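Read top to bottom, the protein sequences are chains U and S. The numbering of the first sequence is this note's numbering, which starts it at 1 and goes up by one. The numbering of the second sequence is this note's numbering, which starts it at 1 and goes up by one.
Just so you know, these hints were derived from the structure itself, not from any lab. This list has only true hints and no planted wrong ones.
Only part of the chain U face toward chain S is listed, based on derived beta-carbon distances under 10 Å:
| no. | residue |
| --- | --- |
| 1 | D59 |
| 2 | A92 |
| 3 | S94 |
List time: in silico EDC-like cross-link candidates among lysine to aspartate or glutamate, alpha-carbon distance up to 20 Å:
| no. | chain 1 | residue 1 | chain 2 | residue 2 |
| --- | --- | --- | --- | --- |
| 4 | S | K9 | U | D38 |
| 5 | S | K101 | U | E99 |
| 6 | S | K65 | S | E20 |
| 7 | S | K104 | U | D38 |
Keep in mind it's a predicted model, so treat the numbers as computed, not measured. C-beta atoms are modelled at their ideal positions from N, C-alpha and C, and glycine is treated no differently.
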Amino acid sequence: DGGITQSPKYLFRKEGQNVTLSCEQNLNHDAMYWYRQDPGQGLRLIYYSQIVNDFQKGDIAEGYSVSREKKESFPLTVTSAQKNPTAFYLCASSMRRVEAFFGQGTRLTVV
Amino acid sequence: AQRVTQPEKLLSVFKGAPVELKCNYSYSGSPELFWYVQYSRQRLQLLLRHISRESIKGFTADLNKGETSFHLKKPFAQEEDSAMYYCALNGGSQGNLIFGKGTKLSVKP
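Isolated chain S (complex conformation) (with noise of 0.2 Å):
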């Protein structure tokens, strides 16, 4: 079955520490992940996918087929960092996103 886990649902850091939240999947073909950043009382939008593998405000991840997971990473947290992250699934011939349940990410001045 296919299934994206976040573990977190709150992971709360201090400006300027580094932040890392976890995702876990499970797929059996090849997978396409993203990570999807809601920020307060704005629409849902994609911030990065493993195909590209680019850093996008100073976010990256890398696909870990080993272990399933894709988790994302800063180094640096800013205070306009905080916001609800979901990490996405797209999978299968229909391409249905599957999401995880989110980590509200919380960065405290």
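Extracted from the complex, chain U is given alone in its bound form (with noise of 0.2 Å):
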């Protein structure tokens, strides 16, 4: 069953702690991407990658690290320097210039 997963679907963070998302897609796409979902704010790039061991920021890079060591993964890292972590996370895949792909989202929450 080909597909995008992200997991895990819910993740609580402590303040000070860094945590990495799973993004892991199965559909032979060379492109990957990591999204924030804010309310009112709409989907704000973080990080995107073209091909694996090379990835670019985004608009709102500061405070995450990302690695592509494979095609099919793109996971992604909130480090403590991020001051407002608390957001839906969104991963998707595409082929270049073609339909993207989404995951069903990490939802996570600094307690």
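With the hints as a guide, bring both chains together as one complex.
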């Protein structure tokens, strides 16, 4: 069953902790993206990667880090430097300049 | 700079009324534009793209390069159309997707 999977669905983080959100796709897509979705803000691009071992900062990369060691995986780490990490995070993948497919999202809450 | 603007945060119409969700873009080259939809408790998914010039679920969108717009239209709204709609631009050599802030469409009975 092809698709893009994010885990976990819900994640709780204590102040000062780093947490990593998982994103895996078996669609053989080259490009992968991480977005943050806040009410009234739409989707804001955090990082994107067009190829393995390469990634680019989006509009709100500060406080986040990513890696792209494998084509099918694009994990996002929310570091303690991110001052307002509570949000809904969406991962997507696409072939270049074609439709993007989205995961179900991860809701991160700082406690 | 590449930018997508959706001026309406919320659009509320009655069932059977026409609906138009506005989208304007800023891009220097030849853009590829999309409309994505997010129904309640479902993942974000593609509704339509300008290159296909198709109608999906009764929705159409025409790219107007002169006005740099890609408005989404439907002549008769249905209650099941209630959702969050995002206009997106795929531009640049790196092909990063840029989204607008979204418009929440509410169709009342």
